[in-house]
Amino acid sequence: MPFSFKLFQAFGNIIAIRSKRPENQGRTQRKSTTTGHGGDTSIPADLSNSVPAPMLSSNSSSMHPVTAGSEPGLEELFPGSPSTPYPWGASPAREASDIAQVALPLVQAFTGVIPLVGAPMNAAIGGLLGILQVINRCDQNKAALDDLTSRLYRLYYHLCNAPPALDPLEHSRRDLLARKLEATSIRLKKLQKRRLAYTSVTQAITGCSTDIDRYLSSQMQSQRETHELLILMSRRREEVQDIEQSFAPLSALPLSGSVASGCVTLVDATGRHQAISVNWCTSYQQLNHMLRVLFERDAIEAQIQRRYIEEGKYDLCIDEGKQVTPLASHKWSSIEPGTKIVMRVIIQQGMLSLSEVDYRCHFCGAVNRLGARSVKYKSRERTVCSTECRECKRCFQITRSFKEQRNPCAHSDSNHKTDAETLLVRNFHVQEIDVRYLVFRPS
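Position 299 of the sequence shown, counting from 1, maps to 299 under UniProt numbering, and the rest follow consecutively.
Quick caveat, the hints were computed from the structure, so don't treat them as lab data. Small disclaimer: the values here were computed from a predicted structure and weren't measured. By construction, the Cβ of each residue, glycine as well, lies at the ideal position given by its N, Cα and C atoms. There's no promise every hint is true.
Taking lysine-lysine and the DSS-like style, the derived pairs with C-alpha atoms no more than 27 Å apart in a straight line are [said to hold, decoys possible]: (1) LYS331 to LYS313; (2) LYS313 to LYS340; (3) LYS393 to LYS322; (4) LYS340 to LYS322; (5) LYS340 to LYS393; (6) LYS313 to LYS393.
Computed spacing ranges between beta-carbons, pair by pair [claimed, not checked]: (7) LEU232 to ALA183: 45 to 51 Å; (8) THR282 to CYS392: 20 to 26 Å; (9) VAL240 to GLU310: 16 to 22 Å; (10) ALA183 to ARG237: 29 to 35 Å; (11) GLU228 to ARG179: 44 to 50 Å; (12) GLU239 to ARG214: 36 to 42 Å; (13) SER218 to ALA299: 36 to 42 Å; (14) ASP358 to SER334: 36 to 42 Å; (15) LEU370 to GLU228: 52 to 58 Å; (16) GLU228 to SER329: 33 to 39 Å; (17) CYS385 to ARG307: 26 to 32 Å; (18) GLU391 to GLN221: 57 to 63 Å.
I would like the entire structure built from these sequences, with the hints used as guidance.
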């Protein structure tokens with residue numbers, strides 16, 4: 001009969017399909033299939049349909065039996081045996097090729113996206129996501145794989161917004177996280193070489209998710225602590241700025257002896273003059289609070305005066321030249337603009353003689369012969385002026401007391417001085433106490 005040429009025309013609509021006959025006729029094998037190899041480097045939103053579900057073989061003769069001592073739920077196949085089928089019916093070369101084709105675009109996509117954490121972290125995250133795309137999925141381990149994938153995305157977005165690691169502790173924390181991700185990748189690669197038994201695979205993947213979540217929580221906690229520290233530093237900076245604004249009129253003073261309107265002059269224990277707003281002098285407590293903030297610096301003179309303030313060994317007075325008026329919380333008067341307030345460190349010592357009025361300077365060792373009117377007695381209301389040391393020109397005042405003093409530091413031996421104090425302290429108050437009335441607390 002005549003040959004129909006329409007048959008050749010119909011061949012143009014036929015799509016060629018290459019199939020491979022299974023080597024074992026009694027078994028059904030499925031090859032590993034990966035999608036998105038055509039240059040698409042994006043990460044699919046739903047990974048559950050990326051690969052076919054595993055098919056358990058009915059031919060049990062090709063598998064090693066599971067003994068009681070083996071890992072429950074996992075039947076590991078021994079590669080190298082000629083009768084051993086590979087998972088998914090694929091050879092090791094094809095399996096490595098599938099993983100590389102999926103993981104390599106992901107690693108390339110992550111490279112440069114997270115510049116703050118470095119190449120090891122990029123490779124670890126991208127490689128782990130690539131393995132998740134080609135791993136077998138089933139109804140029982142699908143939720144665990146999706147949970148692990150979501151944790152990786154959380155980690156990815158966290159690292160994109162994370163600040164650079166500025167200290168060695170943060171560097172070591174991120175290196176440890178990268179090593180944990182690499183260990184997770186190795187663990188999941190081993191799962192691909194085992195026959196999937198749902199319970200153990202799900203437990204293993206859940207363990208990997210727990211490890212990643214633990215380290216991610218640690219990173220978030222460190223970030224919260226850093227954020228709280230930055231807030232605290234910002235508040236302290238605002239307080240210092242407020243203090244500096246109150247000192248701003250000092251820079252506009254043409255002469256050191258003049259005082260701006262609405263300010264008082266504070267002479268600290270080192271002899272430094274500073275202008276302070278009169279609004280900071282409305283009470284004794286307010287002025288003391290201002291002093292603590294003023295000496296919150298790293299300079300050596302600030303550290304020395306801060307130590308005396310913390311130990312309570314200082315006082316404030318108004319020095320008018322001819323007389324010295326002490327300032328106390330129970331005797332606080334209105335401070336007028338232009339007043340000079342002097343801060344002095346307190347040095348306590350025993351009074352060895354009632355008639356002797358000579359004083360040996362604690363800083364230079366010079367002996368100063370004082371008149372009777374140069375010593376103030378607490379039992380008398382008479383005020384005396386301060387005195388300058390004849391050698392070092394430091395300004396001091398001596399006060400004598402005959403009342404019982406319950407102070408464990410009421411002797412000069414406890415007033416240890418450093419070389420810096422010897423050089424910097426310029427104003428001090430010597431409190432002499434009759435040794436017969438000293439009462440020391442037991443140490």
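Exercise. Are the Cα atoms of LYS331 and LYS313 separated by 27 Å or less?
Worked result: holds (19 Å)
Problem set entry | Cβ distance range 57 to 63 Å for GLU391 and GLN221, holds or violated | holds (59 Å)
Exercise. Given the hint that LYS313 pairs with LYS340, does the C-alpha gap stay at or below 27 Å?
Worked result: holds (20 Å)
Exercise. When you take the CB atoms of LEU370 and GLU228, is the distance between them in 52 to 58 Å?
Worked result: holds (56 Å)
Exercise. Straight-line Cα separation of LYS313 and LYS393 no greater than 27 Å?
Worked result: OK: LYS313 and LYS393 at ~22 Å, within 27 Å.
Exercise. So does GLU239 sit 36 to 42 Å from ARG214, Cβ to Cβ?
Worked result: Cβ of GLU239 to Cβ of ARG214: about 38 Å, so the range 36 to 42 Å holds.
Exercise. Does the Cβ pair ASP358, SER334 satisfy 36 to 42 Å?
Worked result: This hint holds: roughly 39 Å between Cβ atoms.
Problem set entry | C-beta pair THR282, CYS392: status relative to the range 20 to 26 Å that was hinted | violated (35 Å)
Problem set entry | Consistency of beta-carbon spacing, GLU310 to VAL240, with hint 16 to 22 Å | Taking Cβ atoms as reference, VAL240 and GLU310 lie about 19 Å apart, which means the hint holds.
For this session: With a cut-off of 27 Å on the C-alpha distance, tell me whether LYS393 and LYS322 pass.
Result: holds (17 Å)
Problem set entry | CB-CB spacing for ALA299 and SER218 relative to the 36 to 42 Å hint | holds (38 Å)
Exercise. Between ALA183 and ARG237, does the beta-carbon spacing fit 29 to 35 Å?
Worked result: 43 Å Cβ-Cβ, so the 29 to 35 Å window is violated.
Checked against the numbered hints listed earlier, the structure breaks hints 7, 8, 10, 11; every other hint is satisfied.
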